[in-house]
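Q: Chain by chain, the residues:
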Amino acid sequence: MWRLYLELKNQRFYYFIPPVILFILVPLTVFATIKGGTSSHFPECGTICQLFISSFAAWWPLFILKEYLNSPGKELLFIHKLSRDSLFLKMIILWAFYVLHVVIVFIYFTSLFDFVWFLFIAIITQSMFMIALGYFLSLLFQNTFIPLIVNFAYSSLFMLVFLYSPLSIFEIGTFSNASSLNKSTVVVIIAFILFYGGYQMEKRLYKNSI
Amino acid sequence: MRKLYKDSLLVFLRSKNLSIPYFALLALTLAYFGFCFNNYLQYSEIFSVAMWLVRPCIFLIAFFIYCSYELAIKMYDNNMVEYLKIYGQGLWKAYGAIILCLSTIVAIPSIMFFAFVVFMYYYIDVYYLPFLIHLMKLSVLYFGLSFIIGMMLGTAMAAKLKNKRLAVYGFAVIFMLLNTTFTEAPFRIPYLLFNSYRTERMLYYIKDFLTVVPHELGNNFTIAPIYGFPMEPIRWILAVFWGLFPLTLILTECFNRKTKKALIAASCLMVLLVIGLFSVRGSTLIMDMRVDSYPFADPIYYMDSPREAYDGYEAGFIVEEYEMNLTISNELHAEVEVTIDNRDLDNYEFTLYHGYILMSVGTEDGEIPFTREGDYISIESLNGADRVIFKYYGKSPKFYANRQAIALPAYFAYYPKAGRTNIWDLDRYGYVVNISPNESDYTVNIRSDLEIFCNLAGSNNSFRGKSNGVSLFAGMYEEIAENIYAEPMRSDLPKREYIREAQEILIDIFNRLERPEPESVILFSDKRFFQMPQNFSLNSNTDDTVVMSDHITSVFCNNGPELAENIMESIIKPKANIWFRGGYLSYLFNRQDESDPLVQSAVDLNLLLEEIDEWRSLAGKFSDMNGEKRKNVSEKDRATRIADERRRYDINQIVNEKAAKYLFYESPRKEENLRIFFDYFTSESEEDYLGLVERLVREELEHDRN
Amino acid sequence: MIVINNLSKRFRKKEVLHSINLQLENRVYGLLGANGAGKTTLIRCLAGLYEPQHGEMLYNNEPIHKSKSFRQDLGYLPQAFGMFQELTLYEMMDYICSLKNIAKSKCASEITKALTSVNLENKGRDRIKTLSGGMVRRAGIAQAILGDTKVMLLDEPTAGLDPSERARFKNTVNALKKDRTILISTHIVEDVDACCNSVIVIDEGQVLFNGSCEELRNIAINKVYMINEADSDSIVGEKFILKINEIESKIFYRILAKEKQEYQSEKPNLEDGYMCLVKGLA
Chain E
1 MWRLYLELKN
11 QRFYYFIPPV
21 ILFILVPLTV
31 FATIKGGTSS
41 HFPECGTICQ
51 LFISSFAAWW
61 PLFILKEYLN
71 SPGKELLFIH
81 KLSRDSLFLK
91 MIILWAFYVL
101 HVVIVFIYFT
111 SLFDFVWFLF
121 IAIITQSMFM
131 IALGYFLSLL
141 FQNTFIPLIV
151 NFAYSSLFML
161 VFLYSPLSIF
171 EIGTFSNASS
181 LNKSTVVVII
191 AFILFYGGYQ
201 MEKRLYKNSI
Chain S
1 MRKLYKDSLL
11 VFLRSKNLSI
21 PYFALLALTL
31 AYFGFCFNNY
41 LQYSEIFSVA
51 MWLVRPCIFL
61 IAFFIYCSYE
71 LAIKMYDNNM
81 VEYLKIYGQG
91 LWKAYGAIIL
101 CLSTIVAIPS
111 IMFFAFVVFM
121 YYYIDVYYLP
131 FLIHLMKLSV
141 LYFGLSFIIG
151 MMLGTAMAAK
161 LKNKRLAVYG
171 FAVIFMLLNT
181 TFTEAPFRIP
191 YLLFNSYRTE
201 RMLYYIKDFL
211 TVVPHELGNN
221 FTIAPIYGFP
231 MEPIRWILAV
241 FWGLFPLTLI
251 LTECFNRKTK
261 KALIAASCLM
271 VLLVIGLFSV
281 RGSTLIMDMR
291 VDSYPFADPI
301 YYMDSPREAY
311 DGYEAGFIVE
321 EYEMNLTISN
331 ELHAEVEVTI
341 DNRDLDNYEF
351 TLYHGYILMS
361 VGTEDGEIPF
371 TREGDYISIE
381 SLNGADRVIF
391 KYYGKSPKFY
401 ANRQAIALPA
411 YFAYYPKAGR
421 TNIWDLDRYG
431 YVVNISPNES
441 DYTVNIRSDL
451 EIFCNLAGSN
461 NSFRGKSNGV
471 SLFAGMYEEI
481 AENIYAEPMR
491 SDLPKREYIR
501 EAQEILIDIF
511 NRLERPEPES
521 VILFSDKRFF
531 QMPQNFSLNS
541 NTDDTVVMSD
551 HITSVFCNNG
561 PELAENIMES
571 IIKPKANIWF
581 RGGYLSYLFN
591 RQDESDPLVQ
601 SAVDLNLLLE
611 EIDEWRSLAG
621 KFSDMNGEKR
631 KNVSEKDRAT
641 RIADERRRYD
651 INQIVNEKAA
661 KYLFYESPRK
671 EENLRIFFDY
681 FTSESEEDYL
691 GLVERLVREE
701 LEHDRN
Chain U
1 MIVINNLSKR
11 FRKKEVLHSI
21 NLQLENRVYG
31 LLGANGAGKT
41 TLIRCLAGLY
51 EPQHGEMLYN
61 NEPIHKSKSF
71 RQDLGYLPQA
81 FGMFQELTLY
91 EMMDYICSLK
101 NIAKSKCASE
111 ITKALTSVNL
121 ENKGRDRIKT
131 LSGGMVRRAG
141 IAQAILGDTK
151 VMLLDEPTAG
161 LDPSERARFK
171 NTVNALKKDR
181 TILISTHIVE
191 DVDACCNSVI
201 VIDEGQVLFN
211 GSCEELRNIA
221 INKVYMINEA
231 DSDSIVGEKF
241 ILKINEIESK
251 IFYRILAKEK
261 QEYQSEKPNL
271 EDGYMCLVKG
281 LA
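Chains as they are written, first to last, in the working numbering: chain E, 1 to 210; chain S, 1 to 706; chain U, 1 to 282.
Think of the hints as simulated: they come from the structure by calculation, not from any bench. These numbers were taken from a predicted model, which means no experiment stands behind them.
Heads up, simulated DSSO-like pairs for lysine-lysine below, C-alpha to C-alpha not over 30 Å straight-line:
| no. | chain 1 | residue 1 | chain 2 | residue 2 |
| --- | --- | --- | --- | --- |
| 1 | U | Lys-178 | E | Lys-74 |
| 2 | E | Lys-9 | S | Lys-74 |
| 3 | E | Lys-74 | S | Lys-16 |
| 4 | E | Lys-90 | U | Lys-129 |
| 5 | E | Lys-35 | S | Lys-621 |
| 6 | E | Lys-74 | U | Lys-113 |
| 7 | E | Lys-74 | U | Lys-68 |
| 8 | E | Lys-90 | S | Lys-74 |
| 9 | E | Lys-35 | S | Lys-207 |
| 10 | E | Lys-74 | U | Lys-177 |
| 11 | E | Lys-90 | S | Lys-164 |
| 12 | E | Lys-74 | U | Lys-66 |
| 13 | S | Lys-6 | U | Lys-13 |
| 14 | S | Lys-16 | E | Lys-90 |
| 15 | E | Lys-9 | S | Lys-160 |
| 16 | E | Lys-90 | U | Lys-66 |
| 17 | S | Lys-258 | U | Lys-129 |
| 18 | E | Lys-74 | S | Lys-164 |
| 19 | U | Lys-13 | E | Lys-74 |
| 20 | U | Lys-129 | S | Lys-261 |
| 21 | S | Lys-164 | E | Lys-203 |
| 22 | U | Lys-279 | U | Lys-170 |
| 23 | S | Lys-162 | E | Lys-90 |
| 24 | U | Lys-150 | E | Lys-203 |
| 25 | S | Lys-160 | U | Lys-129 |
| 26 | U | Lys-14 | S | Lys-16 |
| 27 | U | Lys-13 | E | Lys-203 |
| 28 | S | Lys-160 | E | Lys-74 |
| 29 | E | Lys-203 | U | Lys-68 |
| 30 | U | Lys-129 | S | Lys-74 |
| 31 | S | Lys-164 | E | Lys-9 |
| 32 | E | Lys-74 | S | Lys-74 |
| 33 | U | Lys-129 | E | Lys-9 |
| 34 | S | Lys-16 | U | Lys-13 |
| 35 | S | Lys-16 | U | Lys-129 |
| 36 | U | Lys-279 | U | Lys-267 |
| 37 | S | Lys-260 | U | Lys-129 |
| 38 | E | Lys-203 | S | Lys-74 |
| 39 | S | Lys-16 | E | Lys-203 |
| 40 | S | Lys-93 | U | Lys-129 |
Make a model of the complete structure from these sequences and hints.
A: Here's what the structure looks like:
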């Protein structure tokens with residue numbers, strides 16, 4: 001955990017981008033949307049939350065992976081590695097850390113909307129997917145720039161253009177009942193598959209590709 | 001240099017993290033062309049296909065940022081820079097080779113896009129040269145220069161930021177997001193929360209400065225065929241700037257102190273120049289969610305302005321003659337001389353849209369003082385002069401006039417009109433159709449690169465004639481048939497037979513109504529017909545069709561009956577609810593849907609009267625409800641309120657549709673009712689239409705009882 | 001002790017290491033070889049980064065990849081070093097301490113000791129990106145020293161160091177060499193001469209020599225000659241020009257000859273012995 005702390009610290013002010021998005025931009029945007037409309041506009045707020053919160057979930061993981069894949073002397077990071085130090089576990093810890101931030105945001109949302117838990121679950125599963133996708137693509141391409149572009153391209157495409165596409169992990173709707181989580185189950189499964197694929201590549205990464 | 005270029009190309013091709021994604025991108029591009037082509041086969045809408053084609057632009061640009069950064073950074077990763085610097089201009093040659101190599105890399109997809117758009121042009125078989133030129137410019141600007149911008153930005157970031165990958169990633173992400181509608185929701189915060197238009201404007205100013213795509217990803221507004229994709233001069237200037245500015249940054253890395261200082265100075269000057277030009281970019285067509293955009297600028301402006309009604313305003317004078325000298329470059333610059341009939345008034349009022357900044361007002365004797373309040377100009381005594389010269393410049397968000405297109409209909413106050421007339425109708429949410437009751441003599445000379453079409457006679461952008469208004473159109477706009485002007489790329493083009501058919505239908509209607517045809521409608525099929533741009537009804541539903549003394553403007557002309565009905569709608573005043581008026585027109589034109597259960601079943605008049613009362617009582621309940629009060633309502637009351645609002649909405653439609661159906665279809669006095677309401681709609685009577693409905697229904701009930 | 005038996009490593013079709021057999025005890029070894037000889041590959045195999053196709057590597061009779069103590073005892077300096085540019089030097093060292101599982105209570109003292117040994121004790125609060133190339137290299141050496149390392153693998157440790165820093169590095173190695181196995185991969189022969197007890201010469205993936213510096217020098221006994229340029233053609237048999245010197249406007253060649261010549265031979269140095277081996281003149 002100390003190493004993870006130092007790795008996050010290494011990002012300097014780029015570390016603060018997700019918290020700024022989560023704690024300032026998203027609440028302000030949601031509040032502005034409510035104020036600007038005649039009703040609570042929960043579906044619209046749900047869209048905003050999915051767009052911003054899920055898109056930035058992979059920010060910390062990708063910037064940490066950058067050190068492992070692009071920095072000079074990166075092999076040193078692999079020398080002393082034990083199984084508990086796997087990048088995969090780091091991704092999970094970062095996801096959990098991100099979820100904690102999301103929890104704080106949603107505590108605020110409970111004061112604005114009646115029932116937010118389905119939306120919360122959807123968002124944390126989408127965040128898991130985005131992190132898994134970033135992890136998988138980083139190890140596949142040995143590069144973190146492409147996964148970063150893909151991350152935001154995916155969010156832009158499926159939240160702004162192909163809103164109802166079956167390939168989209170995002171949900172447009174009221175999140176008023178459990179059926180709005182049908183997609184989330186599939187999303188979690190795909191995230192696990194991506195994590196598994198990424199982990200397989202990670203194991204081989206140490207051996208042959210420095 | 002050639003050797004360096006070849007070596008750079010080899011490095012690119014041998015780098016798996018560059019070449020494999022690149023070739024994958026080319027394959028995806030080809031597949032995407034297939035998708036776009038299939039889209040055309042399904043919908044036959046070329047502009048829809050073009051919009052699909054430009055949507056992934058920003059991803060390609062981001063990809064080229066990635067490629068160029070990764071290629072250029074290899075020099076720093078392998079410590080080659082110090083080595084190259086010791087040779088005369090070695091580093092510059094290396095960068096030159098990299099830029100050339102990357103130019104080759106981006107040229108391939110650019111050429112692919114270019115070839116595809118040309119192929120599509122010939123496939124759709126339209127043969128309209130301006131459209132082909134437009135597509136070619138689109139390719140050059142957005143599939144050529146934009147890709148080069150991506151390439152130059154990536155290379156410049158490698159030169160200046162070097163191994164600071166976090167910064168590079170951050171910039172690339174911000175750049176990408178600023179070219180999508182990702183920013184739409186957060187950019188509304190200043191206006192929605194703090195009522196700050198200025199902050200929103202500033203944010204969008206920055207965003208526009210960094211916009212390198214023609215149509216943002218996520219933007220659902222359609223492209224107007226008359227205008228096409230935005231290719232104003234400022235876009236080209238920005239494209240060149242974003243190509244050259246990174247180049248100067250790269251050059252500062254390659255040269256010694258003296259040259260470096262000169263380059264820094266040059267790049268600062270370049271920035272200042274472009275910011276200056278950008279600030280005076282003039283009229284551009286903005287189709288997004290901002291406050292200043294085409295769909296929202298005027299509704300928001302007039303919602304916030306003091307509400308004043310100028311119906312029936314008497315100016316006290318008539319404009320006998322207009323002499324208009326217009327220059328349409330980045331926006332409208334005008335010198336308009338008006339000759340008035342009454343020189344003895346103490347005060348003269350004119351209406352000129354607030355977007356036009358009045359520089360001076362004068363007579364033959366010199367400038368005279370004036371007061372400008374929003375859309376209105378007040379001038380005191382003219383001291384016996386009968387000619388007033390107005391000099392102004394400016395723009396309108398909807399009625400654009402620039403180097404790309406012009407859409408200035410006669411009913412819009414883009415030139416001073418006598419008296420005070422409203423420009424926007426808040427109740428009806430649309431532009432007021434300001435047609436002068438009198439005709440004036442017009443002499444119009446326009447300096448513009450575009451071929452302009454006008455209702456007056458003339459050519460080479462000089463026109464003369466007598467009319468009650470001057471309409472000007474230009475862009476991808478043509479005379480498609482004699483006296484019919486439209487956007488040739490539209491699928492629903494007007495035809496002379498539709499107009500003639502509409503004429504005949506209207507003659508029959510007025511015969512049925514036993515009323516004389518209004519003068520403007522007599523022989524309208526001989527008038528010039530201007531089809532308005534397709535998206536003109538986006539923010540206004542009041543000016544779909546306007547009939548003037550010598551020409552007609554209409555957004556739609558799909559068939560004769562539709563045009564006739566639109567013309568009739570422009571004649572009758574909007575004094576009733578939209579459903580009632582719609583019902584009136586559909587029964588007047590025998591356009592009712594016979595299979596509609598409402599049409600098939602009889603109307604219970606007593607129930608109708610009860611529903612009218614119910615609607616009145618619900619309307620009264622919410623007459624003072626505003627957003628603030630709505631939020632303060634308790635949870636329990638909120639449910640009741642929502643139910644009441646829903647009921648009010650439903651009953652509003654029910655009442656009006658039933659009333660129209662009974663009075664104009666079912667009633668034995670339907671013909672008389674049609675006449676009564678025609679007189680009502682065309683009169684100045686201020687009686688509530690529902691009151692009239694109730695009166696007529698009670699009369700019939702009374703008659704039935706008797 | 002590290003024992004390498006019959007180690008072979010291939011990347012795709014290219015065999016980079018052929019049947020390497022070595023025994024590394026507690027001394028300082030210089031791994032000498034040309035670019036592409038296989039030095040870095042050998043070091044990475046030892047560090048556990050690469051899996052060899054054949055052979056085994058044992059640390060205290062236990063295979064390296066299974067040995068927990070090897071991980072604890074290992075200090076490694078890669079050829080390129082410079083991650084975590086935004087962290088301070090102290091934080092980066094702290095990170096490595098954590099990687100090496102050094103007890104928290106000992107971290108501070110270990111870091112201070114390591115930084116002092118490379119003369120960077122005053123730079124602990126500076127960010128890595130603000131340090132000069134030489135300082136970064138020294139920082140790399142410092143992190144390799146962290147903990148009670150028994151095995152140090154240093155890949156091109158003096159690359160980018162100026163002469164005074166290289167001299168300091170040699171002093172550091174000399175101070176550390178007791179009870180440690182230190183393997184220094186380099187192609188700077190003077191560094192090997194100054195601080196290594198033994199030399200391993202590797203060429204095209206094979207070990208050509210494994211012995212003491214003296215033994216390597218002796219390979220070139222009676223093979224090194226300093227002759228006038230004009231006499232260069234009179235050398236019999238295979239020869240190799242080591243150096244061209246200009247002395248009082250006259251050109252002299254220092255050459256390596258396979259056969260004994262009529263001229264007076266020179267006392268060979270380590271480089272001469274190395275060149276003798278790689279040029280096949282031994």
